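Enquirer: Sequence:
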Amino acid sequence: MPELPEVEVLVRHLRPLLRGKKIRAVQIRRERVIRPTPAKQLQRTLRGATFEAVSRRGKFLLFQLRGLTKTKSILLVGHLGMTGRMFLARKSEPLPKHAAVVLDLGREQFIYEDQRYFGKLSLDASSIARMGPEPLDKNFTATKFAAALAGSKRAIKVRLLDQDLVAGVGNIYASEALHRARIKPQLAAGKLKPPQIRALWRAIRQVLTEAIRFGSTIPLHHGSAAQRQDGLFYYGLAADAPDYYEERLRVYDCAGKPCKHCKTPIRRIIQAARSTFYCPRCQH
DNA sequence: CACCATGTTCCTTG
DNA sequence: CCAAGGAACATGGT
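Here the first sequence is numbered in this note's numbering, starting from 1 and rising by one per residue.
Read the hints as simulated data drawn from the structure, not as lab findings.
Since the structure is predicted, the reported quantities are computational estimates derived from the model, not experimental observations.
Misleading hints may appear alongside valid ones.
[What the hints assert, rightly or not] Ranges of calculated distance between the beta carbons of each label pair, as one might list FRET restraints:
#1 LYS70 <-> GLY106: 32 to 42 Å
#2 GLY256 <-> ALA146: 47 to 57 Å
#3 CYS262 <-> GLU93: 32 to 42 Å
#4 PRO36 <-> LYS260: 38 to 48 Å
#5 PRO94 <-> LEU62: 45 to 55 Å
#6 ASP137 <-> GLN41: 28 to 38 Å
#7 PRO265 <-> PRO36: 42 to 52 Å
#8 GLN186 <-> ILE128: 25 to 35 Å
#9 SER126 <-> GLU31: 11 to 21 Å
#10 PRO38 <-> SER73: 14 to 24 Å
#11 LYS22 <-> LYS97: 19 to 29 Å
#12 LYS22 <-> CYS262: 49 to 59 Å
#13 SER275 <-> LYS153: 15 to 25 Å
#14 GLN41 <-> GLY81: 16 to 26 Å
For every residue, glycine included, the Cβ atom is placed at its ideal position computed from N, Cα and C.
Model the full assembly from the supplied sequences, consistent with the hints where possible.
Expert: This is the structure:
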């Protein structure tokens, strides 16, 4: 379930586990996920390299490594697509069916697994260069947000998915933020009034922050193989509370259910070929 | 069989 | 140049 909060929780989980670990071997089981960097080049670059830092930009994971020559640092860029997961496992454990890349770290393995292979791992940071501000950073101000929305005729929900407007907002949190800000998703982005822009700016930050806080509340640790099979576990969910996360969402995937605010049934519409969920009474 | 799915990128059309 | 819409990528769930 990777949007900004899920990636952030994953980064916090991986950071202490990867720091200082050396890559002994690079096994590429699905070449498609290595792009646009040639697979051979990635393999050559990573073999022998050591993890120094793990961070995030939007929905992208950034792994900083030091190569064998120790001269310049390496930036490994990862994206989870729709179904990607990354985790460490003992070598004795069986690989998941859709394991795409396996990094041999000695005692353990770093596994990038992706059922649909929409995600990627590369040395190419070009998509990050064009990306908009980090919504939780200090420099993401309501004023800058207003300026970025000005003049746009596109529906605000569709605009929110543009990574050059704000980095990291995806289909779930776009609907959630608009519901909190009580703004109709079909409204042209450039037509939002200053109070609405401010409300949306706050709602985006609130929704993302709460999702991260929730995901980080439950300590992540190495579990059994059974726990590992539950992908949600890696986004910070306790294995015994699998539905809690979904219950936090007020509109996403809630078509027909009563709005938590006014009891009006939540509506599902299609915008830019993707589902949008909203309350027809609260949001206008 | 149908339709749906947390994302990105490319292509066509206007 | 911009916007909108669609398709592609690939696998699975319902």
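Enquirer: Check each numbered hint from earlier against the structure, then list the numbers of those it violates in ascending order.
Expert: 1, 2, 3 and 5
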